[in-house]
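*Asks:* In case you want the letters, here they are:
Number of protein chains: 2
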Amino acid sequence: MTKPITSRSQAMDKPLDASSADPLYVQLANRLADAISSGTYGPGQQLPPEARLMSDFGISRVTVRQAIQLLTRNGQVVSRRGKGTFVSRASFQQDLSSLQGFQEALRLQGIEPETELLEFSASAGRIDGQLPTGLNLPVRLRRRYCVDGEAFAVVEAYLPAEAEAVGPVRAERLSVYDILQQFLGLRIGRADIAIQCAKPKNRISAELGLPPRSHVLLMQRTSFAVSGAPCEHMRIYIVPERYTFRMSVPGPMQLASAIQPAMVS
Amino acid sequence: MTKPITSRSQAMDKPLDASSADPLYVQLANRLADAISSGTYGPGQQLPPEARLMSDFGISRVTVRQAIQLLTRNGQVVSRRGKGTFVSRASFQQDLSSLQGFQEALRLQGIEPETELLEFSASAGRIDGQLPTGLNLPVRLRRRYCVDGEAFAVVEAYLPAEAEAVGPVRAERLSVYDILQQFLGLRIGRADIAIQCAKPKNRISAELGLPPRSHVLLMQRTSFAVSGAPCEHMRIYIVPERYTFRMSVPGPMQLASAIQPAMVS
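Chains as they are written, first to last, in the UniProt record's numbering: chain R, 1 to 265; chain B, 1 to 265.
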């Protein structure tokens, strides 16, 4: 359920600046975006109606609509016909510049996802033919992540035989990298990552609460120990439109300088 | 139209090895995968029917089906009920470890996409509010990429005012990085990249030949000149299931050694 707006941030009280180089609709969009990111309008909450924004800021309906359009394109709000404009449900991101687990990425954004163990099997990875050839990772761990009570992602991880000793209770909570590093004592040397827009099996769509044949954001990862041996293969199926993978790629000229801080940290 | 299979690769003639540690279905799947990657069975072509694979390799129907299932899961083939099993349409990938244009990534895979100019406007980027705030990139270039006659991606690029001189004829063919580097003489220092599964505007779905409200793979990129000034913002909307972004991320221990070859190259 959405709650009516009861308070406004300071940014929403200051008049717009007609002499600024930024058009009025951009200024209004920035004010609304600030109010959203400061939590004045939370995920799922309704923005003030057009008429109220027009009178509060002394601007035209066209200007208000342009501002809302801009926020809509940025994915920050969603307009529902006849109902008004609502703040988008929270979306999350993961920085691919450093090796980061999925759970760790969510935690860095202040999210503690609820996890639910769907499967912990000692041998599924040996028989189900879903692993790239040559990987000896028999233990399968399937887990659903929910945020604010809604399914957000399903993770399928294949781990070495020794991971069986982790047991289902710990497997529900521990991140895959915690299992590998803290429980199995492995040091991760590198991970190969592939990102696609894919149509998962119906079982996974159902686990995500999506209709059959829906598309999801799929990340596949194979991690290698420092020795070079593969120690994990995983697939993360993420509901569409709520997750962004980010990275910064240095141009050829910048490689040397971009590398410096990474070596220091 | 699909063509009937008229020749088989050598790999398809050699018997399977019952004494191998790999199950027979995995061996058959590998044979078929080799025949697909060597071009014996091209995109859209039909694989031999179950009965033929059973008799050629002296294996059971269950084994053949397991092999087909494995290839299906890997996205290499598609089974159509009552019609048989067909090689998937070609899919492509892009390595994010180095800064690479979209067109360049396709060319590295032997694909010369057909490009079609949808728009070349000197000022769209100034007025349409689709640019992140603060970027002064007024020239908009919209282009559709087709592969084998099918729409594959729509690119929307925003460029500096000087790019207007490129003109629509060159804008249809030149890659964005060629425009920036060769035509405008800019050196790219870095690019910030974001990858999502998103629902584009209906106009873009239509340009891609997709139904409204379809999901696509969306890459957004902002490139910066060596000076630090932003010199390009672009969005690439890619039809689902046919494109993979790949990268290799070094673990904390491996950063120093992983960096060495990059500095030498």
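These are calculated hints, taken from the structure and not from any lab test. Just so we're clear, the structure is a prediction, and the values are computed from it rather than from any experiment. The beta carbon of each residue, even a glycine, is placed where N, CA and C say it ideally should be. Do not rely on the hints blindly, as some may be mistaken.
As the list claims (entries may be wrong) - Pairs of lysine to aspartate or glutamate, EDC-like flavour, derived with a Cα cap of 20 Å: (1) LYS199(B) <-> GLU162(B); (2) LYS201(R) <-> ASP178(B); (3) LYS199(R) <-> GLU119(B); (4) LYS199(B) <-> GLU241(R); (5) LYS201(B) <-> GLU241(R).
Unchecked claim - Chain R is nowhere near these chain B residues, computed Cβ spacing over 10 Å in every case: (6) SER60; (7) SER98; (8) CYS146; (9) GLU164; (10) ILE188; (11) THR244.
As the list claims (entries may be wrong) - Estimated spans, in silico, between C-beta atoms of each pair: (12) ASP178(R) <-> SER20(B): 51 to 59 Å; (13) MET54(B) <-> GLU116(R): 54 to 62 Å; (14) GLY84(R) <-> GLY39(B): 28 to 36 Å; (15) MET54(B) <-> GLU112(R): 25 to 33 Å; (16) ARG81(B) <-> GLU112(R): 25 to 33 Å; (17) SER79(B) <-> VAL62(R): 25 to 33 Å; (18) GLU112(B) <-> MET54(R): 34 to 42 Å; (19) ASP178(R) <-> GLY82(B): 32 to 40 Å; (20) GLU172(R) <-> ARG81(B): 36 to 44 Å; (21) ARG81(B) <-> ARG73(R): 20 to 28 Å; (22) PRO132(B) <-> ALA194(R): 43 to 51 Å; (23) ARG61(R) <-> GLY209(B): 29 to 37 Å; (24) GLY84(B) <-> ARG187(R): 24 to 32 Å; (25) SER38(R) <-> GLY209(B): 25 to 33 Å.
*Asks:* Now look at each hint and say whether the structure bears it out.
*Replies:* The hints, checked one at a time:
Taken as a hint, the LYS199(B) and GLU162(B) pair is broken in the structure, with Cα atoms around 32 Å apart against an allowance of 20 Å. For a cut-off of 20 Å, the pair hint linking LYS201(R) to ASP178(B) is broken: about 41 Å separates their Cα positions. With a C-alpha separation of about 31 Å, the suggested pair LYS199(R) and GLU119(B) falls outside the 20 Å cut-off, and the hint is violated. The straight-line distance between the Cα atoms of LYS199(B) and GLU241(R) is roughly 7 Å, inside the 20 Å bound, and the hint therefore holds.
Of the pairs offered as hints, the one joining LYS201(B) and GLU241(R) holds, with about 13 Å between alpha carbons and a cut-off of 20 Å not exceeded. With a least CB separation of 16 Å from chain R, SER60(B) remains clear of the 10 Å interface cut-off, as annotated. Not every CB of chain R lies more than 10 Å from the CB of SER98(B), the least distance being 7 Å, so the non-interface label is violated. With a closest Cβ-Cβ approach of about 19 Å to chain R, CYS146(B) is found to remain outside the 10 Å limit, as its non-interface label requires.
In this structure GLU164(B) is separated from chain R by more than 10 Å, as the shortest Cβ-Cβ distance comes to about 21 Å. The claim that ILE188(B) lies off the interface is violated: its Cβ sits roughly 4 Å from the closest Cβ of chain R, which falls inside the 10 Å cut-off. The claim that THR244(B) lies off the interface is violated: its Cβ sits roughly 5 Å from the closest Cβ of chain R, which falls inside the 10 Å cut-off. In this structure the supplied range 51 to 59 Å is violated for ASP178(R) paired with SER20(B), their Cβ-Cβ distance being about 36 Å.
Taking 54 to 62 Å as the suggested C-beta distance range, the pair MET54(B) and GLU116(R) does not conform, at roughly 42 Å. A hinted range of 28 to 36 Å for the beta carbons of GLY84(R) and GLY39(B) is inconsistent with their spacing of about 56 Å. Checked against the given bound of 25 to 33 Å, the beta carbons of MET54(B) and GLU112(R), roughly 52 Å apart, lie outside it. A hinted range of 25 to 33 Å is violated for the C-beta pair ARG81(B) and GLU112(R), which are about 44 Å apart.
At roughly 53 Å, the beta-carbon separation of SER79(B) and VAL62(R) lies outside the given 25 to 33 Å, and the hint is violated. At roughly 52 Å, the beta-carbon separation of GLU112(B) and MET54(R) lies outside the given 34 to 42 Å, and the hint is violated. A hinted range of 32 to 40 Å for the beta carbons of ASP178(R) and GLY82(B) is inconsistent with their spacing of about 48 Å. Roughly 38 Å separates the CB atoms of GLU172(R) and ARG81(B), a value that falls within the hinted 36 to 44 Å.
The hinted range of 20 to 28 Å is not satisfied by ARG81(B) and ARG73(R), whose Cβ atoms lie roughly 40 Å apart. One distance hint, 43 to 51 Å for the beta-carbon pair PRO132(B) and ALA194(R), is violated here, with the actual separation near 27 Å. Between ARG61(R) and GLY209(B) the C-beta distance comes to about 36 Å, which sits within the given range of 29 to 37 Å. A C-beta distance of roughly 47 Å is found between GLY84(B) and ARG187(R), which places it outside the suggested range of 24 to 32 Å.
One distance hint, 25 to 33 Å for the beta-carbon pair SER38(R) and GLY209(B), is violated here, with the actual separation near 42 Å.
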